[in-house]
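K.L.:
Okay, here's what each chain looks like letter by letter:
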Amino acid sequence: MPDAASDRFEIRQAVDQLSARFPGEVLAVAVEKGETAVHLGKKGLILVLRFLKEELGFNALEDIVVLDNLRTAAEGGPRFTVLYQVGRFPAAVRLRLAVAVGEDEILDSAVPVYRSADWAEREAYDMFGLRFDGHPDLRRIYMPEDFEGHPLRKDFPLQGRDGGV
Amino acid sequence: MTEDLSKQPFLLARADDLITWAQKNSLWPFGSGLACCAIEMIATAAARFDIARFGMELFRASPRQADLFIVAGTVTNKMAPVIRRLWDQMPDPKWALAMGNCAIGGGPFPTYSVLQGVDKIIPVDVYVAGCPPTPQGLIHGLMTLQEKIARSHPTKEILDPHARRSL
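Chains as they are written, first to last, in the numbering used here: chain A, 74 to 238; chain B, 42 to 208.
Derived from the structure by calculation, the hints contain no laboratory data. By construction, the Cβ of each residue, glycine as well, lies at the ideal position given by its N, Cα and C atoms. It cannot be assumed that every hint is accurate.
Under the rule of at most 20 Å between Cα atoms (straight-line distance), these lysine to any residue pairs were calculated in the SDA-like manner [said to hold, decoys possible]:
#1 B:119 / A:112
#2 B:119 / A:209
#3 B:119 / A:219
#4 B:119 / A:199
#5 B:119 / A:171
#6 B:189 / B:96
#7 B:135 / B:57
#8 B:119 / A:132
#9 B:161 / A:220
#10 B:119 / A:232
#11 B:119 / A:220
#12 B:135 / B:106
#13 B:119 / A:200
#14 A:227 / B:154
#15 B:119 / A:158
#16 A:116 / A:158
#17 B:161 / A:234
#18 A:227 / B:153
#19 A:126 / A:112
#20 B:119 / A:216
If the Cβ cut is set under 7 Å, some of the chain A residues that face chain B in the computed set are [as the list claims (entries may be wrong)]:
#21 217
#22 223
#23 224
#24 233
Over 10 Å on every C-beta distance to chain B, these chain A residues come out as not near it, computed from the model [to be verified]:
#25 161
#26 175
#27 181
#28 188
#29 216
So here's chain A without its partners, still in its complex pose (with noise of 0.2 Å):
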């Protein structure tokens, strides 16, 4: 796809800049139906965020979207795959993060970085059960207050705990 968006310079640039930056928190850099998806450690991830952010003009996150790998991670995987959607805008270039998370590891919260973070870990801890440590406010956003669980995992049942239908 000669359009496809990692084709574009100023993503190609930022990736660059990215890996000179942090050789050692930079693990992967992935291209999927021409999307370019950066696979970080747990430990950078707030470090790249900032940088990103006021070096390289990243000036939104527009969405964090979490995975969970529920059958690799029975074979020794991480359970959980987040994904941070950051934007600059008006450019309108978009580059994705990746971290991985194991079912009891707590991530460092993007909040401090981006305000926008607060709602999108407030889902991802009502849906998963991830946690943010920095969080200002880490409640349910969905579920009522007394929900048990979290429904989006997928060891969760499909009809609810009540039986459903």
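Go by the hints and put chain B onto chain A.
P.N.:
Below, chain B without anything else, positioned relative to chain A:
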């Protein structure tokens, strides 16, 4: 009866018939539009279908002024306590109509977040199936409710306070 009054025309009726006749022709709905069913409920209230013909056009924004609870749409588990509280805030006598498959039994959402039927939290008088039901369907449900009210015995409640019909 005095001489004077006996010369006036008058009608005799059973109290039950008179009360239910008034009740069924002046239902004040409390519309809780929870999902797409609300659009059909609004259409039912508007000029084309016009439930003013049944004395029901007075949709109230407060449960305290309503006696018919139209549950129009998907009741999520998070919304369920609110629905129950609104129902409790409605004064007796009152009726509930479950509009659409979601309110009847969860509809296409057999999931962790959706209540599987509003009749788990409030007593439903009439169920109107559909996804969403047409305005004709809702009107049919309302007319069914009118028939049900006409068959009821409100004086029983006056004579026997323990015979209250609602929960």
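K.L.:
Quick check: which numbered hints come out false for this structure?
P.N.:
1, 2, 5, 8, 15, 22 and 29
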